[in-house]
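Number of protein chains: 4
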Amino acid sequence: MNAQQSYKLSNRLYHMDNSVIQVGDKTVGGQELAVIAGPSSVESEDQILELAKKVKECGAGFLRGGAFKPGTSPLELLKLAREETGLPIVTEITSADMLGRFAEDVDIIQVGARNMKNFKLLKELGRIRKPILLKRGLSATIDELLMSAEYIMSEGNSSVILCERGIRTFETYTRNTLDISAVLALKKLSHLPVIVDPSHAAGLWWMVEPLAKAAIAVGADGIMIEIHNDPVSARINGQQSIKPERLMALMEDVAKMKCFSRIGGD
Amino acid sequence: MNAQQSYKLSNRLYHMDNSVIQVGDKTVGGQELAVIAGPSSVESEDQILELAKKVKECGAGFLRGGAFKPGTSPLELLKLAREETGLPIVTEITSADMLGRFAEDVDIIQVGARNMKNFKLLKELGRIRKPILLKRGLSATIDELLMSAEYIMSEGNSSVILCERGIRTFETYTRNTLDISAVLALKKLSHLPVIVDPSHAAGLWWMVEPLAKAAIAVGADGIMIEIHNDPVSARINGQQSIKPERLMALMEDVAKMKCFSRIGGD
Amino acid sequence: MNAQQSYKLSNRLYHMDNSVIQVGDKTVGGQELAVIAGPSSVESEDQILELAKKVKECGAGFLRGGAFKPGTSPLELLKLAREETGLPIVTEITSADMLGRFAEDVDIIQVGARNMKNFKLLKELGRIRKPILLKRGLSATIDELLMSAEYIMSEGNSSVILCERGIRTFETYTRNTLDISAVLALKKLSHLPVIVDPSHAAGLWWMVEPLAKAAIAVGADGIMIEIHNDPVSARINGQQSIKPERLMALMEDVAKMKCFSRIGGD
Amino acid sequence: MNAQQSYKLSNRLYHMDNSVIQVGDKTVGGQELAVIAGPSSVESEDQILELAKKVKECGAGFLRGGAFKPGTSPLELLKLAREETGLPIVTEITSADMLGRFAEDVDIIQVGARNMKNFKLLKELGRIRKPILLKRGLSATIDELLMSAEYIMSEGNSSVILCERGIRTFETYTRNTLDISAVLALKKLSHLPVIVDPSHAAGLWWMVEPLAKAAIAVGADGIMIEIHNDPVSARINGQQSIKPERLMALMEDVAKMKCFSRIGGD
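Protein chains in written order, with the numbering used here: chain P, 1086 to 1351; chain Y, 1086 to 1351; chain F, 1086 to 1351; chain Z, 1086 to 1351.
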């Protein structure tokens, strides 16, 4: 069987136009570039509120934040930040028992690379009506990513955003190797929006800005950026987080990239 | 031993400023973007003259051409094209016995991915005074590429241009995986110019333009592009060659990317 | 930080002798070779009973079986097969909500490659008192596999069996590349038993026997083999399953390999 | 085009029986196991004569030795060792200009991993009548290795021995990952003999013996082992060389593996 025929719902053959996913008054996959920014981990109310305001000021459209510390309530803090700023929130689901709360409270539910082949979780996410941000697994092929999207879509949820975040190769200078060509392949094979996460791919903060620009130049529909007010003392992933002022600089550069049109369904 | 200390001459630690390599009245590694274009294989006098004129018209700075057919004299044809257009010529050396003629006639001598670890050839190239375009091997790490540059430089030739052209990974949608982060790593570790070859990396003509833009966005000093008047009937590598009119379009887009400054020696 | 110091409980530095894991009247990691065999998927009562008897006849010590069809009760069928044959049963846990039943009914609980970094599940498995068979992830390094073992052991369960089952590389002739050297590395770094699954690694039935012998020759503590009475019509993974008579032949060859002593804690 | 049809002369489809290559009074690919042993680098007359005698005593059939120091005449020293012991000699050709002497003096000419795609050299080796030991490139697929054999054979030299010596993967514990399954794939696809080099694959001396046994268990036609009297002070590759007494122990274990028949042309 030809791999390209094993996925149908995400296949551009059967749906020529780009899918545009509505998230409140914002879109992913349409004319505007989706910029998702925030800390790797929600550490405190002060931290997330301060960073959320910075994200807003920079002109980014979405607030992301991870929940790594058991016992706190990072989702509550993200909701507070959304209330303050109006930014939709993006956060990762790590097990099916979080589904109820996430379906209610989260604007875009992220599936991490580690869960890309957690088919049971994918099926359950297919039964809710929230956009899913599906990250490519560390060693997943492009076809396998699309097959995972198919699992979600086949249950009825067609709001899937694909995310390239680096693959494992023999090169160890970067944490993973950002597969920039995958954006082109995914846009050709599928009508779904494709974003890029340079923070996790490289694992090196000083690569984040130029890789984000490369992602936009190649035609990605959005970028996901980790920021932190004080990366050196960040609880986790500090080495891959940039300061808010660097996000501001990036957004200014990005604004000059209007020349790069999104990749359409020619 | 720390790998970064095993190469010295190419190391930015000991040479903070970017190396700018002079080729006739053009430069690689300086303010201008180096665009090298031409056919994968020099097929005939008509073909190379026509393509050379197109390369010139598009505003690209260098003419490339490979010599794959035994019995013809592609180097003579490239020299003719240089005479007609004034474009410096770039072509690949595949064995040390070509060195005499290449040292005399070629403007930039290319070492292909397959020869990146041909240390004997590298040493001989170190003893001449022509710029060397050193391509990264299919499975070479960033450190190994710099070690190969060191072989050349240690013999006295400091005019080395590094070229990222894709690495072999588990992903088979593209022929190789363009390691866009390698540009950043190489510019950080070394003062040598770094260019990108999207044609060989992806092996897919429709990826060449966006990947070239990504390379520029990330801060590459140049790009190397395969073109052909009639890709479908090209002797080899037709599937990775773009038509001259697409190169023209790419050059127009590239002109809008002035905002992206080269990566300097901060 | 040196990776080898990041895991402690599984580290041979702190526990020189091989761990021998008792499962009923059998052991894994001791003098006898552990042979685990059975179908990829439990399809019916007749099927599993017939195969279990064959496994027993061949002299293999453990019965494995997967549960892929929702609605049936493969665990009940495996228990029935255990009752009939006395063979301990090995089966895979795919989500934490299966933990209660598995802790009670299963003799060795398998964690599949996909769940090797499901740290939440690993922690929960650390709190029960059943041996865990932990498979290496498709793109997991040897260090990462040991870190996952550490997650289980740090909660109190020290009965962990490591399993090499192939890694993803650029080579596509086999489904994955069996990393036979990993057995040696794991035995050196850790005191835990190490077994090999040639069926999933190669994905090709005709490679299973010779790869199993290679695993024993290199010093593995056991092998895990998929068998099926009629591989062509197997529900899944038929192409990687051997017939029971081939298992018998393999067991005879294995008996001649007494010369190969297990790898000790010298 | 199906890859398996792109090579013909090495293809088992067209030549069902195993090729047996005669080297003096010894064979490769027949009933006896070919054991090639010797130092990574020929360092002096004393060294090579002493090691050659040990190789002979151990019962290995062939003496290998590399020539890394310019200015000495390692080939002359190898010839001297051959005279003393009667062992055929195996050494690596690194450029075409060595061809004349090698065709005359060497018993098996080795093509290193780095030159596996040096098609010009392969063609020239095809025109002589000495057995060629062709090593798999670091990132070469099984198909590519067979294509390289085809280059040699298409010029008339059908005495090609294939050698698996590890591939580059994400795992860095070993220098490369020994692809033990490749032996099986090569024996199935081709009638040519297949040997394994565990020394270069692992890069770790303590893995050499068990990996050699795994190679034999899987059905390889031979093994190539680096030995050194004093590995710690070896000029190069000391960490992957075993002492002669370990080779003796290995040969004794290997003798017990008579049960493992070579892989035939069923």
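For the record, the hints were derived by calculation from the structure and aren't laboratory data.
Note that CB positions come from ideal geometry on N, CA and C, so glycine has one too.
It is possible that part of the hints are untrue.
To be verified - Cβ-Cβ distance ranges computed for the label pairs, FRET-style:
1) Gln1116(F) - Leu1098(P): 52 to 60 Å
2) Val1317(Z) - Asp1102(F): 36 to 44 Å
3) Glu1189(Y) - His1100(P): 43 to 51 Å
4) Val1105(F) - Gly1144(Z): 34 to 42 Å
5) Lys1093(F) - Glu1240(Z): 57 to 65 Å
6) Gly1144(Y) - Gln1324(F): 50 to 58 Å
7) Asp1182(F) - Lys1111(P): 40 to 48 Å
8) Asp1102(F) - Ser1180(Z): 46 to 54 Å
Here is how each hint holds up against the structure:
1. Take glutamine 1116(F) and leucine 1098(P): their Cβ atoms lie about 58 Å apart, and the range 52 to 60 Å holds.
2. The supplied range of 36 to 44 Å is broken by valine 1317(Z) and aspartate 1102(F), whose beta-carbon atoms lie about 29 Å from each other.
3. Range check, glutamate 1189(Y) to histidine 1100(P): about 58 Å between beta-carbon atoms, so the 43 to 51 Å window is missed.
4. The hinted range of 34 to 42 Å is satisfied by valine 1105(F) and glycine 1144(Z), whose Cβ atoms lie roughly 36 Å apart.
5. Hint check: lysine 1093(F) to glutamate 1240(Z), Cβ distance near 58 Å, so the stated range 57 to 65 Å holds.
6. A beta carbon spacing of about 55 Å between glycine 1144(Y) and glutamine 1324(F) agrees with the range 50 to 58 Å that was offered as a hint.
7. At roughly 35 Å, the beta-carbon separation of aspartate 1182(F) and lysine 1111(P) lies outside the given 40 to 48 Å, and the hint is violated.
8. The hinted range of 46 to 54 Å is satisfied by aspartate 1102(F) and serine 1180(Z), whose Cβ atoms lie roughly 52 Å apart.
Hints 2, 3 and 7 from the earlier list are contradicted by this structure; the remaining hints agree with it.
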